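Colleague: Chains A and B are the protein sequences, given in the same order. Just so we're aligned, residue 1 is where the first sequence starts under our numbering, counting upward by one. Just so we're aligned, residue 1 is where the second sequence starts under our numbering, counting upward by one.
These aren't lab readings, by the way, just hints derived from the structure by calculation. Remember, predicted model here, so these are calculated numbers, not experimental data. For glycine and all other residues, C-beta sits at the position ideal for the given N, C-alpha and C. All the given hints hold, so there is nothing to weed out.
Cβ-to-Cβ under 7 Å is the rule here; a few derived chain B residues that face chain A:
no. : residue
1   : G309
2   : R311
3   : L335
4   : G379
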Amino acid sequence: MSKIDTSAYYLDSHEWIRPANDGSDEWICGISDHAQEAMSDIAFVGLPRVGDTLQAGDNFGTVESVKAVSDVYVPLSGTITAVNSALENDPSILNSDPYGKGWLIRLKLTAAADLSSLLNADAYAELLKTEEH
Amino acid sequence: MTEILKRTALFETHKKLGAKTVPFGGWDMPVWYTSVKDEHAAVRNAAGLFDVSHMGVLEASGPNACAFLDTVSTNDVSKLAVGRSQYSYLLDDQSNVIDDIMIYRLGITQYMIVVNASNNDKAWAWLTSLNGSRAPQCILRDLRAESTGDERRVDIALQGPKSLEILQSLNPQLTSLNNLPYTGVLHAGISDIDVIISRTGYTGERVAYELFVHPDQSVALWNKLMQANNALGLKPCGLAARDSLRIEAGLPLYGHELGGQLNLVPCQIGFDNFVKLSKTSDFIGKAAYTAKVAANNAKIVRFRMNDKGVRVSKLGDPVLDRRGRVIGTVTSCALDSNGFLLGLALVETAANTAEGATLNIIALPEKQPPPLTPFAALGSRTLIPDTATVLSRFPPRKS
Numbered sequence: 001m002s003k004i005d006t007s008a009y010y011l012d013s014h015e016w017i018r019p020a021n022d023g024s025d026e027w028i029c030g031i032s033d034h035a036q037e038a039m040s041d042i043a044f045v046g047l048p049r050v051g052d053t054l055q056a057g058d059n060f061g062t063v064e065s066v067k068a069v070s071d072v073y074v075p076l077s078g079t080i081t082a083v084n085s086a087l088e089n090d091p092s093i094l095n096s097d098p099y100g101k102g103w104l105i106r107l108k109l110t111a112a113a114d115l116s117s118l119l120n121a122d123a124y125a126e127l128l129k130t131e132e133h
Numbered sequence: 001m002t003e004i005l006k007r008t009a010l011f012e013t014h015k016k017l018g019a020k021t022v023p024f025g026g027w028d029m030p031v032w033y034t035s036v037k038d039e040h041a042a043v044r045n046a047a048g049l050f051d052v053s054h055m056g057v058l059e060a061s062g063p064n065a066c067a068f069l070d071t072v073s074t075n076d077v078s079k080l081a082v083g084r085s086q087y088s089y090l091l092d093d094q095s096n097v098i099d100d101i102m103i104y105r106l107g108i109t110q111y112m113i114v115v116n117a118s119n120n121d122k123a124w125a126w127l128t129s130l131n132g133s134r135a136p137q138c139i140l141r142d143l144r145a146e147s148t149g150d151e152r153r154v155d156i157a158l159q160g161p162k163s164l165e166i167l168q169s170l171n172p173q174l175t176s177l178n179n180l181p182y183t184g185v186l187h188a189g190i191s192d193i194d195v196i197i198s199r200t201g202y203t204g205e206r207v208a209y210e211l212f213v214h215p216d217q218s219v220a221l222w223n224k225l226m227q228a229n230n231a232l233g234l235k236p237c238g239l240a241a242r243d244s245l246r247i248e249a250g251l252p253l254y255g256h257e258l259g260g261q262l263n264l265v266p267c268q269i270g271f272d273n274f275v276k277l278s279k280t281s282d283f284i285g286k287a288a289y290t291a292k293v294a295a296n297n298a299k300i301v302r303f304r305m306n307d308k309g310v311r312v313s314k315l316g317d318p319v320l321d322r323r324g325r326v327i328g329t330v331t332s333c334a335l336d337s338n339g340f341l342l343g344l345a346l347v348e349t350a351a352n353t354a355e356g357a358t359l360n361i362i363a364l365p366e367k368q369p370p371p372l373t374p375f376a377a378l379g380s381r382t383l384i385p386d387t388a389t390v391l392s393r394f395p396p397r398k399s
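Please model the complete structure; the sequences and the hints are all you need to start from.
Modeller: So this is what it looks like as structure tokens:
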């Protein structure tokens with residue numbers, strides 16, 4: 001069973017988002033442990049530019065392994081304040097630490113977070129149960 | 001219509017080990033269990049266990065078996081000693097590669113032949129059509145068929161430096177393995193299981209074995225190997241690691257470096273020495289192959305991308321010179337032992353492909369960005385090639 005960050009909210013396409021909790025009002029977004037496991041060894045991460053504004057559900061990047069290419073989607077609307085450029089040189093960080101050093105982007109949300117359309121950790125765990133049978 | 005995938009006897013065993021499975025050559029096979037990188041590393045540093053029981057296992061026997069095989073395959077079967085094996089090709093009259101095969105001489109007039117899973121039916125149909133017509137008549141059997149009864153065989157591969165120790169931990173009497181040369185083959189018992197052991201494989205490892213066992217005992221053999229000695233670091237390995245290992249070793253895969261859309265033949269991939277134009281007997285496809293050798297103007301090179309984190313190139317991606325002219329085509333690419341993308345490409349012989357030369361490779365995405373126009377907006381994207389360095393055709397052999 002893959003790991004779940006209990007402080008994060010999820011899309012059913014396996015992206016997570018959570019408050020940065022570092023004194024800023026920014027949020028951090030990435031892909032779940034289940035997603036990195038399903039890709040196996042990640043060779044390429046395509047990231048957007050700082051300053052881009054995204055609507056919830058927008059495709060903002062791609063993650064590629066030798067066997068698969070996945071588009072990644074942003075769970076909430078916001079403006080990108082940072083991208084994890086360390087992944088461009090060493091994409092394997094995404095495999096080893098998907099909720100920590102393998103984060104993808106930081107966002108300043110456009111509006112107060114509307115979490116009603118997202119899965120909380122429990123609901124995401126339920127989703128994985130059905131997918132991982 | 002969805003194809004109904006075949007399963008090997010080990011399918012449930014793979015699922016219990018957490019394998020992710022994918023369709024391959026008509027079979028539902030493990031692509032990885034945990035991580036391709038870990039499985040790849042296990043084979044290089046310890047050992048890996050592969051279910052290759054989807055591969056075809058055939059037999060040619062009888063007094064004409066050698067003459068039959070010398071007519072239908074390119075290597076010199078008359079030079080193959082009992083207890084040894086050789087790599088070879090089946091060609092058609094136009095010298096298209098029908099399959100690349102292994103031939104194991106088990107007895108004076110008994111040869112086992114392993115063919116690719118994806119080519120099994122085609123190879124079997126080709127061989128049976130030639131038997132007794134264009135090639136001297138021998139007895140052909142499909143060793144995986146139920147009708148073969150007690151003599152059925154399927155292949156399980158145990159590859160990597162700890163393989164010998166693992167086999168001997170199950171049978172300390174197997175001292176004959178100490179002297180088994182590379183390509184050697186012998187008949188032995190592992191615990192109470194009858195096994196044909198050959199020192200061969202598809203990973204580039206020199207301490208590497210293929211174990212041919214009755215399909216009813218493949219699960220028992222697999223489990224015994226997995227439980228042999230935890231300290232030795234044996235891991236079950238899937239098709240993705242098999243692919244990354246063979247690419248790193250510079251070995252061809254049918255459909256990529258042989259046959260396929262580029263219709264490659266052995267002289268283009270550095271495997272000319274498995275086609276014996278000077279052998280006594282003529283083989284099918286010889287005349288056409290000789291003409292292809294004379295006309296050939298391209299060869300397979302092994303390359304490594306210069307940077308980590310670049311897009312993954314795949315079969316068909318263009319290789320360019322520094323002025324943007326296409327000089328070749330990528331045929332395979334995967335992550336190597338150090339986390340760099342390493343691949344094979346067919347490149348014209350006129351280009352500089354000396355070890356250390358630079359290649360430019362564009363990994364074509366599914367959706368290509370529109371071409372840039374003057375005053376393109378900041379943030380627009382276009383494709384640029386990534387640089388790669390030509391490696392030696394094969395990796396240096398480990399001491």
